[in-house]
Amino acid sequence: MIEVHDLSKRFPDLQQGEIVALDGVRFTVDPGEVFGLLGPNGAGKTTCLRILSTILTPTSGTARIDGRDIVDDPDGVRARIGFLSGSTGLYDRMTARETVEYFGRLYGLDEDRLSASIDRIFTTLSMNEFADTLNSRLSTGMRQKVSIARALVHDPPVLIFDEPTTGLDVLVARAVLDTVATLRDEGKCIIYSTHIMREAERLCDRLAIIHRGRILAAGSQRDLLEASEQSDLEEHFFDLVSQFETHEKQHASTKSGPDSEAGP
Amino acid sequence: MTDRPRLDFRKIRIVFQRELRDQLRDRRTLFMVMALPVLLYPALGIGMLQMAVVFSEKPRTVVMLGSASLPSPQLVDGTAFAPRWFSDPDDAQRLTVETTDQPHTSPESARRLSDAKAIHKLFDQRSQLIGTDDPDSPPPEKAQELQRLNELINERLRDAGIDVLVVIPDGFADSLQEINRLIASRSRTAEDPSEYPRPVILVSGDEKSLIASRRVERVFNSWEKELLRLRLEAAGLPRSLPSPVDAAVVKIVGSTQESALVWGKLYPVILVLMTVTGAFYPAVDLAAGEKERGTMETLLISPAKRIELVLAKFLTVMVFSTATAVLNLISLGLTATYMVQLVGSVNSGTDVGLSPPPTSGVFWLLIMILPLAAFFSAISLALATFARSTREGQYYLSPLMIVVMLLVALAASPGVELQPFHSVLPVLGPILLLRELLVNPTAAETLAYLPAVLGASFVYAGLALWWAVSQFHSESVLFREAERFDLRLWVKRLWTHKPPVPSPGGAITCLAIAMFGQVLLMQPLAGWLSSLPEPDRAKAAIWALVAQQILLFLLPAWMLTPALLSNISRTFRLRRVTPSTIALAVGLAVALHPLVQELMRHLQWFFPQGLPEGSQDFLKTMLGPTQPAWLLLFAVALTPAICEEFLFRGFVLSAFDRPGQSHVAVLFSAVAFGAVHMIPHQVFYATLLGLVLGLLVIRTGSIWPGLAFHAVFNGIAVLRERWDVPTTLPAWGDWLISNNAETGLSYDWPLLLIAALAATVLLVTLWRWPSPGSVR
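Line order of the protein sequences matches chains A and B.
Residue numbers for the first sequence follow the working numbering, so the first one is 1 and each next one is one higher.
Residue numbers for the second sequence follow the working numbering, so the first one is 1001 and each next one is one higher.
With the rest of the complex left out, here is chain B (with noise of 0.2 Å):
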């Protein structure tokens, strides 16, 4: 299909104006849409109020043995503990305490203080059988006894309805007077005077009674506090006595910091969770729905083009994915307010922090809806145009939806932070970059990041929507019938019709299983080479990579080779060349190599931190003088050279390599090139030299050129590495290179210059060079 490339705004209007009302119409879709935002969070609102003023209700019980021995100032006042000792006196409602000297008790509550009564006594036989001994590790003889007993007193505790048993032991107030008076009256005595009976909270392990016991616990902490102040005043002594240092930890945050903080977490979740939902099930509706229904066909032979096509749902995919998220946010941020003030009125000077964020966040919640949604609504159309009927296309949202919420889970996990590599990523960017902006809506700095993230996402969009465009060109995608898979017939077929030259399913295949081999290997791996002696580990390290090597990227290629196809010498372009473009591919190596490495150096800042500080000493020694130069060449640049050239400029590059498509080959080659590099850094160089070498292969027809280039581009990195060059250069190299002590082997600009020019001219060649064509 040559569609001419003009687009005609009109047909994309008239287009797109059908499908929005089309959608409109479309109960579900609105539903979707409008309804459910407009109504969920308000009746998600309403049901948390509901069931936290149900579930608060309920009072726990607090039995206290001993409540005659209790000191001033007053503990317990009647059947609850006095409201001075919480920090809210509405909390002593909570807890029910019950006591011995209580005039009217009821029946239950009779039957409760007897229960407790035979506890404590179980209690007291668990005190002697521990003894001295640690009670969470007693002895052997002991445990068996200690555990029964345990488990008795758990189960009276929850058979009695008690929640927290508080003993206090007989005579506490008077010891406690004595040691006041003690303390007071300054005289020394020959033993501690602070050994005597403690009271005891006892609890279950029941999840509501250890609520109850917190409490409790809280209530006797405030108590102890008044108790220690009415002795240091009686003795005389300064109230700061127990607490020379009394840190004070000041928190300087301000209101709108605050919520801010909460609304940068919470808004950017439910940000791409609704840019995706609305823009996934219009565009099954707009794509899959339209074959399913049979208009496909019907809008095909309308003069508007496919790309005209395309982008009308597309457009109307992003409206409703924009409205959704806006639609939600607007709902979300009605409830929260309305739920702030109605808690803030019944609970007046605890701040939730949930109020909206302030006009400058909400600006940049609608700034970022974009990005997002175009991103989302191109992924979701061409995903919606691959399938053959709605029920596939909403098949297609799980796997789109785990992938989203990993990397929505990621940008919330506390490491990963706004810096330029995570700014370029796509959803990850937008995410952080919102999160700081809701924080700070002005910093200098993260705005900085702004062309980044928007210029990123709009060309992750565009991607998804050159591969939607380029779904709506393929046949085989849009009158896919609903023919029936047979696994017999398609591994028949495999073994039958052997093409000459892989299919892209069988490209993917190999690329799979080096990258699975290489995550599968890593850790035993790692596990060998450290169990190894030190000495032997570096060159252990450097077999094993030759072997992984040979392993995962030269073997799956030469293995799936004879069994599925049936020419060898074009699908690797075993073509013989001259000796001047080996020497063409050996000269622009020689070029780009300082060109590159110059441009990784200035690019650092860029990528986060690869490796741990270990691993990079390890690969130093690893690649360091101390190993045989022929080894190290042997290693690092002929084997790779040969292993990484036959998958990615053989097998690869053939399998995508189209009659006037050789560029989509070398980028998908070159990117999956980089993809198996694993750590950021590698996989941005080794995706640029990806592309030269797919350049050189398909122009050449021949892959001999890119192992030339390849093992001379690794060669030369590693001689550079192993060369001890004198801190004083001669004059002649002065110019050329410099040897810093610090920042180590550098090239000046004279030499980087030559360099540039010498790989331009070579390029320049290469993009002119006559191409032999595509393998197919």
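Same shape as in the complex, but just chain A (with noise of 0.2 Å):
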């Protein structure tokens, strides 16, 4: 449902000339499956993410989703994924139904399968009760489900959530990762960045660890523990850092570029 070629990004910088976001990545997600991106801040998750819901476009490489390129045609790929992120914001003089009525409409539904929709979402997420409050006056939990209620509005088949937990609370954090999980038993193709192991492990059926625009190592928990002599993913990532850094000297001192470690 996703698949990622060769996907490299480059931003031109004023102190290093140029930053290499992302390096080479490509992976696959299918329906029903949560694919976790697990990786420090500044790993490249968010550009990895934005140029698949294609506001950013690569610098080289692609990806197709559901079908659709998202060079070639990126409104196809808009109208396919939900996008939520942890830094998403919403309009504050707006109500938490018309945001989602907003966003529905833009979507192109009519307005008969725009209410069940609403709905339906609104009694999932229990947001009855704030649902005519203005966007400003909710709390940050109420916010997040507004956002995810925004980006399940279309009930789009490829869900893409980046950090979705960052600044919430246990309680609501734990509603989100809850909220992923019942999508993907619908059958959703989902994918989840994080820097949080344990929502990685909680959730994710198979992950790739970034690390500087590059996919160190993917596949699922049990490989991944597997291919390492650790027992916990932690320690693993750990691991599988301290290498790459190491490698990377040693390639600085002698002169010549690493080559990437590929992905499934």
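Quick caveat, the hints were computed from the structure, so don't treat them as lab data.
Worth double-checking, as some hints may not be accurate.
Where chain B lies over chain A, by a calculated footprint (3+ residues, C-beta under 8 Å) [unchecked claim]: (1) 40-46; (2) 106-120; (3) 214-222.
In silico DMTMM-like cross-links for lysine to aspartate or glutamate, where the CA-CA straight-line distance does not exceed 25 Å [said to hold, decoys possible]: (4) 1492/B <-> 73/A; (5) 1121/B <-> 1136/B; (6) 1620/B <-> 1475/B; (7) 1117/B <-> 1077/B; (8) 1498/B <-> 232/A; (9) 1225/B <-> 1178/B; (10) 1121/B <-> 1151/B; (11) 1058/B <-> 1026/B; (12) 1498/B <-> 23/A.
Ideal Cβ placement from N, Cα and C applies to all residues, glycine included.
Each of the two chains sits in its own frame; use the hints to bring them together as a complex.
The following block contains the structure:
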């Protein structure tokens, strides 16, 4: 459902001349599965997900989402994904219902489907009591629920979550994770980025560990742990990152480029 | 991003409706757009009325010495001048007159009278000191004493609280009567009877006293007129004796026109200011605000295309811009009408000329709001999209306002009138047209400008909108994080990371050097040339031209290149080409020359007179047959070809040349090439040629054809000027060119037809040329 081929992204930068935010990333995600992108801050997770949601264009490589190419048919891609990040804002001067209605209409839903969809989502996420309150008066947790509802209103087959629990308290974060699990069980194709190991462990069927724009390792949790001598994902993660850093340093001293470690 | 071009108007409508509702829920916007105009003008109006009441009440004090010697008719009535000497009898209240022979005097006025006498003594001293000298330029030995006396009198007048001191000399009435008698009896005297002491009106330099003194002067003037009338009557002489000519000045202005003049000046200004304000604040909220609140990302992942988002936002901004302007006009119009009525009822007969414009005027005001609102909405949206935060966005308002105010001031200056060239300038065109339409709404020659003004304004709005859309497609603009700018790092990076070809920033720096250099050099150069003896001047000017070209165009481009860039040959496209390519360029120059020449001749009416006559004559002698041909070809054809091509088709073109966007680079380099030519018709001419040159260089991938074209094109112009064409041409030439003593050399249509055919063939060939691709 999601096929990513050799995706690269470079940004111009004042200090270093150019930043390689993403370097030859490739992976696939199937329907009914949660694919985790696990990596520290600045690893390239957000860049990757922004490219998949067509906000950014890749420097090279491409990806197909539900059969649509992100470069050739960005509109088609946007119509088939729901995107949610920890930093997405809401319009303060709109109510929860208006927000969701607005995006539903932009997705081309007719009024019957729209109100049915809103009723269902608002009930599932128990949002009815604040449905007509202005977003500016909502708590952080409520706002994130509005964002989730906004991402789900057009019932997309693919969902992209970019650190959706950032800044949320434990209770709300748990509710978000539960929602993601429910969506997976409904057969959605989900890609979920996080820097929190426990979230990845709990939620993801398969994971990719990403660092400095490259995928260091990928596979199911069991595959990853079997490949390493570590018993726990976090230790494995640290191992990979430190191996990578030493490798980089050696290569820098011999002045040759590192070869990228491939994903699945 | 390859958005398909088809627009989904449903999505535009949905986004537009949301933005509109969002803005209407924003108290700040509502205040700026609705509350401010509705409250501001009435409040200002009331304030002004109150100020007028407060400030007009205090009467000024006039002290008069020697009032006993006043002749009749009666000048002073009680403690004021008699009302009949004022054009508005109510004004008599504004001046209190204190005289020596008033019965009931307060202690203050008694003190003022004694002060007045002392001042009079000082004044007599001053008169004696001056004697027959001119008080404005006294002899040096008296200057100091005169200065001291002047200051003393001034000070005493101020301290005494006397605004105006009038001194009537003793026996003034008798002197007048004696002269009247002499005139009536027609008796001649040995000496001129006019030599008798005259009244003096003394006033301090204080602003308020000066106003009072002007009133007193007017009273004395009308009193004097009456005295003169009586004198003539007594002598049995005609009233017209002192005014044999008395030409009548008749101002034929209808009442609507007079008010239209006021409106014509005031309303375009208000319209411009309000469309800017009404556009700017919503634009900042809609673009920069969206980034700041983190909703931009949400909006970008919605299925609406970016161009649809921009259009919806543009429409929203335009609604607010238009609404602000309309509400302001209504509020100002109603306030003005009400004020006029109020003032009119108090002070009937004087028309302030501020009554609202006629219906047709209102109609044109509403029509002209549209191009202005569209233009400012698009510009504001583009600026606001560029800004990182609402705060940064608001910083951009001041430069925009300054530019707009400059244009408004330019439109208000009396020399600037509606004419073809002005009508296609942004902001200026609509203001000038509106001014004319308010005065005369149906004049055919004014209405003829309407399509041009509207068309040009919408083209500018379209360009600004295109800029806004391209901003929305730029990742670096949309996701500009608040990175800190470090000058040291930046400079270091310029050295360590030299790009192969220049950046747009580098090109703009280069152009700025060329432009400012030209402006700075203009004055000293003209001064230097005029200091030279006449015969050397033309030659010196030619060499100055060469120096200017090398210094301002070639040098910056060549100096910046090794410093900033790593690939000089790619920047300047120093690619070798076949002789046939050069031949194509030369052929194109030869074919285009007569066409461009005729086009410019036919467009002469369009441009304002560029140069004063003197400069034009100088240019003629400079480029005329007195100079050797090789020098002119060197200075006017070869040097510009090298210097201008390396700057514009080398540096600038490469800076903006990106894969798939070479047309933008051609357009920009052509406009820049036009802009450095300064004089409007040359700007047009150079831009046109810049387009051809840009195409030539981009398609062939080499600067040499551009150079060849430029040199040949200018060379033909030089030779044509020098060619001493016989007035009678051989038969073969007669149908190609004609030489008229008045209009000079011109090309006939057979030649133009051949040239047009040749140019078309060559341009099509060039268009289909396999392009070597972008320099990047």
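Results of checking the hints against the structure:
{"no.": "1", "hint": "40-46", "result": "violated (count 0)"}
{"no.": "2", "hint": "106-120", "result": "holds (count 3)"}
{"no.": "3", "hint": "214-222", "result": "violated (count 0)"}
{"no.": "4", "hint": "1492/B <-> 73/A", "result": "violated (41 Å)"}
{"no.": "5", "hint": "1121/B <-> 1136/B", "result": "holds (21 Å)"}
{"no.": "6", "hint": "1620/B <-> 1475/B", "result": "violated (53 Å)"}
{"no.": "7", "hint": "1117/B <-> 1077/B", "result": "holds (22 Å)"}
{"no.": "8", "hint": "1498/B <-> 232/A", "result": "violated (47 Å)"}
{"no.": "9", "hint": "1225/B <-> 1178/B", "result": "holds (18 Å)"}
{"no.": "10", "hint": "1121/B <-> 1151/B", "result": "holds (14 Å)"}
{"no.": "11", "hint": "1058/B <-> 1026/B", "result": "violated (47 Å)"}
{"no.": "12", "hint": "1498/B <-> 23/A", "result": "holds (24 Å)"}
The earlier numbered hints that this structure contradicts are 1, 3, 4, 6, 8, 11.
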